[in-house]
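Here the structure of chain A is known, so what remains is to put chain B in place on it, guided by the hints.
2 protein chains.
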Amino acid sequence: MIPEGASYFLSWRMAVEANNVREWRTVPSQCLSYAEAYMLGGQYDRDLDMIVDQILSYINEIVPSDDGMDAWILDVDDTCISNLFYYRGKRYGCDPFDPAGFKAWALKGGCPAIPAVLGLFKYLVRNGFKVFLITGRDQETLGQATTDNLHNQGFIGYERLIFKTAGFKGQSAAAYKSEIRRRLEKEGYRIWGNVGDQWSDLQGECLGSRAFKLPNPMYFVP
Amino acid sequence: MIPEGASYFLSWRMAVEANNVREWRTVPSQCLSYAEAYMLGGQYDRDLDMIVDQILSYINEIVPSDDGMDAWILDVDDTCISNLFYYRGKRYGCDPFDPAGFKAWALKGGCPAIPAVLGLFKYLVRNGFKVFLITGRDQETLGQATTDNLHNQGFIGYERLIFKTAGFKGQSAAAYKSEIRRRLEKEGYRIWGNVGDQWSDLQGECLGSRAFKLPNPMYFVP
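Chains A and B, in that order, are what the protein sequence lines are. Taking numbering that gives the first Met the number 0, the leading residue of the first sequence gets 0, the next gets one more, and so forth. Taking numbering that gives the first Met the number 0, the leading residue of the second sequence gets 0, the next gets one more, and so forth.
One chain only, chain A, in its complex shape (with noise of 0.2 Å):
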């Protein structure tokens, strides 16, 4: 028998990953142990595991061309790099989005790397993709960090790293990727996968050939 609180967060959990609860601010203060424990206990990692061996035999049925048009995007936060840590002071999400909190925590630029995707990162630089991370931060005020933290943590050898720029104030995370994904198309690049910890970096347009959804229960960016 699961307990009830546990019981709700499974259930929250399930409804937020198959995207069926939207627009949402907070997670349900309810949730707060059982999602400290999801996300430290092991749980998380070994989620994040399965996927990733998904996109590994994914990846291995795809016969690459040799033109170097062979594409993958990758987000960046809770993706690529964790923010686990800072999460952790807003009560893994049940506490509401605080702007100048997360700038103030990107800046110092101490993100880890989530080990499974730094391997995924790692396998397709060496078999010959294009690797596109596409982020959501700021360029002006959180690129230089950034570009450095993702250096720190590994990720090295990527085709390039795109930030929102200020043309794209006020767009949505879908908009605005699914923009930046029709102008790599338009480039000539086959987009084969694209993988992120939010729906909203796999819907809208120019969608690639297949999504890989990550967990992530501490926040929705729409």
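It cannot be assumed that every hint is accurate.
The list treats identical chains as one, so a pair stands whether inside a single copy or across any two.
[Claimed, not checked] Only pairs whose alpha carbons sit at most 25 Å apart, straight line, appear in this in silico SDA-like list of lysine to any residue:
1. K89 - G127
2. K89 - I179
3. K121 - V20
4. K185 - G169
5. K185 - A99
6. K107 - Y122
7. K168 - A112
8. K102 - F131
9. K107 - Q42
10. K121 - R87
11. K168 - Q42
12. K185 - T25
13. K107 - K168
14. K185 - G203
15. K185 - R87
16. K185 - P2
17. K107 - S177
18. K89 - A165
19. K185 - D147
20. K121 - A103
21. K107 - L206
22. K89 - Q29
23. K107 - G135
24. K89 - N59
None of these hints come from the bench; they were simulated from the model.
Positioned in the frame of chain A, the structure of chain B alone reads:
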């Protein structure tokens, strides 16, 4: 600490529900006892309840028109009515799909209603939505048994029950259901919502305003 098998099943379930695992034929056999516990122990029902709560919140934001063209789409198998008792005999999906066995089961017309979805169905009908039930079941062989089964389980008052006819033979569920939705939109219906236990119910064309994925860790329909 979550036992290893339970942890693996949680990762499996998450990967399936977020559409990260595709074209799978059987549930990994090490998941058997955990799949049973999930389906029979209450968590499956609680997951359904939470999603139906989300659907009801969404419905209450809709301002329906008085032209009678506000539509909802529900899938049938493991959305309106349950095949759990059949799949219990197939080790909750650890055994491969058995077309003859499933046909014999469906012909009995003994699938119980899924209570949360029956409640949703009645709410939709009561509130003036036109409800279309779209199923991949074959009209010729299973039409009468399915119609009777839905009726005896309380699914009364829908606008149309749409079966797969000979002309769609060999088409994927996603292609067939997309074409049916396209025809409904052509008739002038506004599809406000679409509810199914398979991603193939919810992907393709003419998707409607919102899709809701119900849990189903037992089988995959392409």
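Now the hints, each set against the structure:
{"no.": "1", "hint": "K89 - G127", "in the structure": "neither (39 Å within a copy, 43 Å between copies)"}
{"no.": "2", "hint": "K89 - I179", "in the structure": "neither (31 Å within a copy, 46 Å between copies)"}
{"no.": "3", "hint": "K121 - V20", "in the structure": "between (33 Å within a copy, 22 Å between copies)"}
{"no.": "4", "hint": "K185 - G169", "in the structure": "within (24 Å within a copy, 34 Å between copies)"}
{"no.": "5", "hint": "K185 - A99", "in the structure": "neither (36 Å within a copy, 48 Å between copies)"}
{"no.": "6", "hint": "K107 - Y122", "in the structure": "neither (28 Å within a copy, 51 Å between copies)"}
{"no.": "7", "hint": "K168 - A112", "in the structure": "neither (27 Å within a copy, 48 Å between copies)"}
{"no.": "8", "hint": "K102 - F131", "in the structure": "within (23 Å within a copy, 48 Å between copies)"}
{"no.": "9", "hint": "K107 - Q42", "in the structure": "neither (28 Å within a copy, 41 Å between copies)"}
{"no.": "10", "hint": "K121 - R87", "in the structure": "neither (28 Å within a copy, 42 Å between copies)"}
{"no.": "11", "hint": "K168 - Q42", "in the structure": "neither (36 Å within a copy, 42 Å between copies)"}
{"no.": "12", "hint": "K185 - T25", "in the structure": "neither (38 Å within a copy, 39 Å between copies)"}
{"no.": "13", "hint": "K107 - K168", "in the structure": "within (23 Å within a copy, 58 Å between copies)"}
{"no.": "14", "hint": "K185 - G203", "in the structure": "both (16 Å within a copy, 23 Å between copies)"}
{"no.": "15", "hint": "K185 - R87", "in the structure": "neither (40 Å within a copy, 50 Å between copies)"}
{"no.": "16", "hint": "K185 - P2", "in the structure": "neither (52 Å within a copy, 48 Å between copies)"}
{"no.": "17", "hint": "K107 - S177", "in the structure": "neither (29 Å within a copy, 48 Å between copies)"}
{"no.": "18", "hint": "K89 - A165", "in the structure": "neither (28 Å within a copy, 56 Å between copies)"}
{"no.": "19", "hint": "K185 - D147", "in the structure": "neither (29 Å within a copy, 53 Å between copies)"}
{"no.": "20", "hint": "K121 - A103", "in the structure": "neither (29 Å within a copy, 50 Å between copies)"}
{"no.": "21", "hint": "K107 - L206", "in the structure": "neither (32 Å within a copy, 42 Å between copies)"}
{"no.": "22", "hint": "K89 - Q29", "in the structure": "within (14 Å within a copy, 37 Å between copies)"}
{"no.": "23", "hint": "K107 - G135", "in the structure": "within (17 Å within a copy, 54 Å between copies)"}
{"no.": "24", "hint": "K89 - N59", "in the structure": "neither (39 Å within a copy, 31 Å between copies)"}
Comparing the model with each numbered hint stated earlier shows that hints 1, 2, 5, 6, 7, 9, 10, 11, 12, 15, 16, 17, 18, 19, 20, 21 and 24 do not hold.
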